[in-house]
Structures are given as C-alpha cells and as structure tokens.
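Enquirer: In case you want the letters, here they are:
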Amino acid sequence: MNQQDFIRRMPEASSHLRRQDGIWQKLHIDVPLLILLLALTAFGLFVLYSASGGDGHYVRRQGVFFILAYIAMFSLAQVPLAMMQRWAPWLYGWGLILLVLVLVMGTGAKGAQRWLELGGFRFQPSEALKLAVPLLIASYFSQRMLPPAFKHVFWALVLITLPTLLIVKQPDLGTSLLVATSGLLVLFFAGLRWRYIVSAVALVIGSAWPMWHWGLHGYQKQRIMTLFNPEADPYGAGWNIKQSKAAIGSGGWDGKGWLQGTQSQLDFLPESHTDFIIAVLSEEMGLMGVLALMGLYLLIIARGLIIALKAQHSFGRLLAAGITLTFFVYIFVNVGMVSGMLPVVGVPLPLVSHGGTALITLMAGFGILMAISTEPKKVGL
Amino acid sequence: MSENHRIQDHHYEARIFMHRVLVAAVVVLGLLGMLAARYYNLTITHHDLYVTESEKNRVHVQSIAPTRGLIYDRKGRLLADNRPSYTLSLIIERVENIDEILVQLRQLVKISDVDVERFSRARRKGRRPYEAVPLRYRLNEDEIARLAVNEYRLEGVEVEAQLIRFYPYGELFAHAVGYVGSINQRELDAMTEDDMHDYASTRSIGKVGLESHYERKLLGEVGYQNVETNARGRVLRVLERKDPIPGKTLQLHLDTDLQEAAHSALSGRRGSVVAIEIATGGVLVLASTPSFNPNLFVTGISHKDYNALNTSLDKPMYNRAIQGQYPPASTVKPMLALAALHYGVNDEKRSIRDPGFFQLKGHKRKYRDWKKRGHGNHVDMKQAISESCDTYFYDLAHRMGIDRIHDFGLHFGLGARTDIDIPNENGGNWPSKAWKKGRHGLPWFPGDSLNVSIGQGYTQATPLQLAEMTATIAARGVRKKPMLVRTIDGEVQSPVEVERFNVLPRHWDIIFDAMREVVHGRRGTGQRIRRGAKYEMAGKTGTAQVVGIKQDEEYDASKLNARHLDHALFIGFAPYDNPKIAVAVVVENGEHGSSTAAPMARKVFDAYLLDEKGKLLSDAAQGDLFAPQLAENEL
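These protein sequences, in sequence, are chains A and B. When we follow this note's numbering, the leftmost residue of the first sequence carries the number 1, and every step to the right adds one. When we follow this note's numbering, the leftmost residue of the second sequence carries the number 382, and every step to the right adds one.
These aren't lab readings, by the way, just hints derived from the structure by calculation. Computed from a predicted structure; not experimentally measured. In this text, a Cβ means the ideal position worked out from N, Cα and C, and glycines have one as well. Don't take each hint at face value.
[Claimed, not checked] Partner residues are not named here, just some residues of chain A that face chain B (Cβ under 10 Å, in silico):
no.: 1; residue: F189
no.: 2; residue: G191
no.: 3; residue: L192
no.: 4; residue: R195
no.: 5; residue: V198
no.: 6; residue: V201
no.: 7; residue: Y219
no.: 8; residue: G238
no.: 9; residue: Q243
no.: 10; residue: A247
no.: 11; residue: G257
no.: 12; residue: L259
no.: 13; residue: V290
no.: 14; residue: M294
no.: 15; residue: I301
no.: 16; residue: L318
[Claimed, not checked] So the derived list for chain A, only partly shown, Cβ under 7 Å to chain B, looks like this:
no.: 17; residue: L287
no.: 18; residue: S314
no.: 19; residue: M341
[Claimed, not checked] Chain A residues, not near chain B, derived (Cβ > 10 Å throughout):
no.: 20; residue: G22
no.: 21; residue: Y70
no.: 22; residue: I71
no.: 23; residue: L91
no.: 24; residue: W94
no.: 25; residue: G215
no.: 26; residue: W253
no.: 27; residue: L291
no.: 28; residue: T374
no.: 29; residue: E375
Put together the whole structure using the sequences plus the hints.
Expert: Structure below.
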C-alpha cells in the first residue's frame, strides 16, 4: 500500500521502476554482468584450449563446470537477500564444522589435507567459506551502527580469524588469505576507521619477524624466498617463475599466436592450464591479450561496484562490494604472482584457470551480486 | 525492522560507503595499472631477453657423431667395419636410483654381471655431464621392444642405435689394425677445446695400431643439428642440420691371404712374420702370435678377459712384429759379407780354414762355430753364407772392425725405428763404441765385434727391422719406409724412399748368389724349403741363443727349459731374379731357423706369388688391386 502511494506521489519515478521491472528483473539477472561474464567465459575457454596443449578434454570438463557454475549463479540469484542474511550464520557454522572435519579425516596430497570425501564426491569446504565469511560479516554489520564500534570490529575479526586459522592448518596459505581478505574487505566497506586500519598495518609489519620464524611452513618460506630471488634455484623452486617470465616476456606486444607458444606448448611452463594460465595468454596473444583480459575484469569489477552503490540496504551494499573486491584480489594475486611480483601462493586466475570448485564459488558469488542487483525496490526508510 | 535499524543514520552510512567504494576503485585502478606496467615491462621493455630465454629452452644443439672410416686390405676385404648396434645406456644425472633401475631393467633384458661391472667402471670414469653410460650392447629385437613398452617408467634410460666397430677377422689383424675403445679419463684430459668439439658425440677412440695412428683421419668430422625439445628433453623436430663427414677410408698393403698363411704357419707358436712389398715398402704381412680378439675391447673388456690377456706368459697383446727385440743371429751375415766386399776387407774368393772355432791372437778363449768340427779347410764367402759358417764371420768382423760394421748396418735400418705407421715401435739395437761407452761405460772389446758378427751380443732387431733389412738387400740398397696404409680415401700414398745406398752391382750379385745358395745350394741351411717351388728364393737362416752358453759347454736342447730354447729366424726374398717380396720370420724358442722359420717364409712366398691353383701369378695379376669404397654415414 505504501508503495502504491509512493508511486502515485512520484510519477516520474514510476516509469523508471517499470522499466527495471522487466523479464530480467523477474529472472533476477543483471544483464550487463551476465554479458561480461559470458564474454569472459568464452575468452577463458579459448585460452584454456591452448594452455592444455590443444587437448579438448580440459575444455569439455571446464565447459561442464561452467554449466554447473551458471546454474549455481542463477539459483543463488533467486534467493531473497533477507533469507541469505538469515542463513549466513548457519552456513558459516556448517563451514567451520566441515573445516574441523577436514583436519580430522580429510584427504589430500603433498602433505596437505584439503578435501572431504562423501560417497565418492570430493569437495573442498574451504571454498564455501569464501562466501560464508563475507555473508556473515555483511550480515553482522548490516544490523549494527556504522562505522562499526571497536567491540564489533573485534568480534568480526574473531569470526574471520577462526576459519582462516583452520585453513592455514591444512595447510592452504592461498585459500586462507582469500578467506580472510573476503571478510576484511567487508569490514573495510563497513567503514572501519582509518586509525584501526593504520594500526593494523603497523601491527602486521611488526609481527612479520616472529611470523617468519615460527608461523610459516618451510615450503611457504621457500615460496617467498623464491619470489625475491628466483634465479637462485632456477631448476628447483625458481623454475616456475623463471619459465613464466620467459613465457610472458617472449610474447611481446601481439604474441606468438594461438597454440604457437613454445613455453606453454612444449611444457616448459608448469601448471600452464591452472595457476599459470595468464602466462600462456601473454605468450600467445601478447600484451594485447593481457590488456584485453584485464579490461574485461575491470568492467566486471566496475559493474560489481555499481551494483553495490545501487543496493538499498547495507547488507547488500557490503556484500556486493566485498564480493567484487575479493574477485579483484584473486586477479591481482594471480596476475601478480605469475609475473613474479608476488609470492607463488596457488591462487587460480578467476574464471580462466582450469578447476571446478573455485569456478562454482566465484559464480555463486556473482549470483549473490545478481540477487542484490535485482532485488525488488522497496520504499522505505 | 529491528531497533538497530531505526537508530542507524542511513545517509551517513551511505556516504561512508560511497567514500569507501571510491577508495576501493582508486586502489583497484592503481593496482591494475601496476600489473599492466609489470606486463609492459616484461613483454615490451625486456622482450628480447625473454625471447632469448625461451629459445634457449626450446632449441638445443646436438652433435652427430661421424661414421668412422673403414679399413680394407689390399684386395678390398673389410678389416674394420661399423655395425649398427642397439645399446642400452643410462643418463646417470636423470636416474633417481641406479640400483632400483638396474633391478627393473634386469627383468626386461638380460644383463650379466660382467655388463654391470663394466657399467660401474664406466660410471666412475670421467665423462661429460649427461653423457649416457652404456650398460648393455647389442640388444636384440625383443629386448628393444620390451624396453620401448616400458619406456615411460624408465626415466633416464635410453636405447640408441650406434655404429660399433667390428673386426670381422678377429685376432688376425689385431696387432696391425689395433682396436678402438671408450675414451678414458687420460685421453679426455689430454684433449684441447677443439678436440672436445671434434669428439662431441664420439664415444670411442683408436687405442693401438692403425686405429690409433690414423685416429684423426678415421674419425671424420662431427655434424650438428638444432633440435626443438620439450621440457623433458624429448626431441620434437630437427630445425637445422649439418651432416657429419665420415672418416676417411684406409686401404692397406696388408693382404689377408698372406696374413692368414703367416698365422696358420705360426699357429701354436710365439713368433712373428713380417713381409714387405719391395717395390713400395708396403707391409704385406704383419703377424704376431699369439694374438687376441680386438672386438673384446670395443665395448669395454671385462676384468676377467683383460687379466687373462695381461697375465698370460705368452703375452698375446705384445706386438712382437714391431716391439719384440731379438738377436738377429746369422741373418745379419749377408749384410756383413756385403760390407766386407764394399770396404775391401774380403773378396769373395778369400777362404779360411775352419777348425770349428776362432781365437783372437793372444787370447785363449775359443769362439765356437755352431758346427763342432767346422766347415772345412777352404770356406769362402758363398759357402760361409750358405752354410752359415760362424768362424768365417768372426774373422771377417775382427778384421773389419766395429766402426765399419756399425756404419754399414745403419744403411739397412738397423738400430733405428722404421717409422712404420703404427705406434709403440721399438728400434732394436745396432751397437757402436760410443753406444757401449754411453750405456755400459766400457770400452769396446774385440770379442764384442765377434758377437755382433753372428747377430748376438748387443745386437737386437725387431722382425720388422729384419724385414726392412731384407727388402733393402733385395732392392740393392734402396731402402723404403715400411708402410701399412696404401691409400687414404682412394688416394695412393706414395712410397717413401729413405735412402739409396750405393754398392757395386758386382758385390750385390755375390751376396744374391750366396743367399740363393742358402735355399737352392746342395748344403744350404735353408734347402728344405726349395722342394716344389715354382720360383727361386734367396734367404738366410738364423738361430739365436736365448741364454748364454758357457765356454766349452755345448748347447743341449733336452736340458733347457722350453722358454730357453733358441729362437728360430729366417729372412728371405723372392723371386730371386726379380725380387718382389721380402720376408722376415722369428719364432721364439723355435730352435732352428732352417726347420722352423724358413718353411713359414715359404708359405708366405707361395701365397703371394702363386694363384689358388698353385700357378705363378703374372705381374699384372699382382698389381690388380681393389679400389675401396668410401664410408658413408650409415645412421
């Protein structure tokens, strides 16, 4: 009733509302975002085909994952925000339990336990936390005065730290950093005071030394050392970086041509279809290809931030901005690490690298963005 | 809505949020800019550097071993061949656990303990990094197939086709042709940078014999190819190739038929036969027995085999033809008689009375003739040579003096290496006053000259030197350098004339006649070999003492250890009227030159001068030599 009154009182707004309230609105689909995602998907599969040595197998598999991921996206887009907000603590709670189970009875490889096996189906609970944490933190702050009081910041940090530590324990440094980042970004958008941010940065720098000594695994230290001096061990730990830099650099402006990259096609580039796929892109399509991809990413991020700005409630706002920036962090860490700017921490290039779980999580995140973007307008205070 | 919501200031919150999004957008743009700058730096600024690096990854230079030159005998029979062989090798650097892989391999192919032992030795020896170490040679088809099937789980294991040296005649030419073997540490250390380049993918090197002397000619020139490899080192395609140039083909003067004749004549004995083609100095026969199988060395000889060869009393690896130094005994007599004629010490008519011994004036010691009762009251030069009268030569030498004996002998190549084209030759000894002073610090005694006159005492010569001396006599003073190689890649190696020594033709005739008498005379010491001969020969027998016999003591074979029996010698040439071939035979502990050594020379003469039906070959037929084919790259 209220709404009707509102419309009647503001006639110029009603036409705007009607335009929005079309078929896409009903389907809870944000058209610009969908177009950008489809473009990125196509581009990703194209690069993946070459990165996997022209082997259709990986592309078909990835295609199946994409279909599942799009289904996940559409499904999540249908969920009302209020319901998400209500379910956030439960999702988070379940996630924590599963993480504990992973530590107790998980399976994995190379000394890390990352997966749970249920009836032949294997999944990585830490992935779910990438969404559960921002959901919970956004939900937590949407019910509180912003900018957040110190007490609330503290509890939020506790909620972020718990799963992060459990994932570090697996150990999975990359995922734990991303999970923590996804929560911290929500905290940032909630208006975390700059003085807290500055002191936190100071604290991190101050604790770096003790962390280095007994906080990190040998392989983690190795990775960081390798970053700073990859030439020291060109056939061991530095091999990946050396080869990926050679791949990227030798591509030049326009690349060696699709399927023509010698570094990637002759297997000099390790993990070319997963974490190091952007090196394949750079080698075969040159800086041009990289810039095109980054442009696409930038548009998606821009769209995500617009959705955040347009969201009506702080829950939607915080969540949309948090998810969008987490997506950016993925990109930055991956693109940075492959080019030797950042330590190799095992973060895939979003929507391009081969791999099912990360893909589904990411697309589920975009589903949430769509849900926020297409939420029926409510008048109100 | 909850209470919380009501007290929230939505406008304030929205403003903060807007501000934060702006900050985020700026950070995102900034960081993306950093990434773009980083990629610009890699792809544009340092493009060349990374292009080089990726090319270095991809393109590798591989050297291709040239095919080793072939060796033929004078009639085109292959003496050293290259045969394709599949070799199982390990690249040690790429194998994780050697013992484990050996266990695995043993399930697939037959690997003997000898193989493993040889492999372990090769592993310890110096080698280039990533050079494959051979484990099993001569894989058969089944074994190759089994290895191919299991290739994926055998990291660092390689099966490669190689050409391996093969000597079809085995021990027959072992001492002349020699053999190749793996390059060892010492040889590797001695290599210069250029050598390393030339041997970039050649695994073996000539160790002895012709294989060693002509190493550089036989080796050929290394080839190269640029190949594209993947990260695991597998060659995907050849980008560029420079073919290796095969080694040069050698054709020898050696004649397999003659060599076989010599070997079978020597069979079971320790000794040597050397035959020289008089016209060229070409070595027709270079036999030394016992011999060994050179093929054992090509792929690395086992300890057991090597010890057997090395510790054998018969010394099969000792090349008697060029290394064995024997007292030439009576074989020097024709040369000394010639010297006497030349210097006018004796003429052919002068005769002596031979009581069976010779005494220096004022000395009691009797220098005995081999014939106890002597050769009679009128022994002239012809009889002295044909019956090998020692007393005549004691007298001759005593009057001629060591200086003239020494000088004259040098013209026949005594006391100096012949410089034949295989290594490790010994030069024998042709003594002089200066030599004795230098070596023993003693003056020359008249008795020393008497010993020299019968080729004993300080005199020593190799069978090759004796053959060269004989050839020089047969050529009437023209001395040619003995050579094994006749052509290199079809190019005839011109004979090298060392010296042309002038002696009056009449003097030559006398010596020729006397040497003919040795074989064809009624009482000649070598007369038993003339039976059934279709040509005439000239020769001289010799019997060399191995142990000293005391004054007045008689040589009694039955009392002596078999290895202290006299050596049997014979030198000779044929045909008498047109000498073509000169032969020297030494049979260790063969006792009598006349009965043991001379018949061996006859067999070689026959093999050279007669055809299969026993008919005398025409000159033309003898000159009809094979033009060898040149080696090609076979792999």
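Enquirer: Could you work out which earlier hints the structure fails to respect and list their numbers in ascending sequence?
Expert: Hints 4, 5, 6, 7, 8, 11, 12, 26 and 27 not satisfied by this model.
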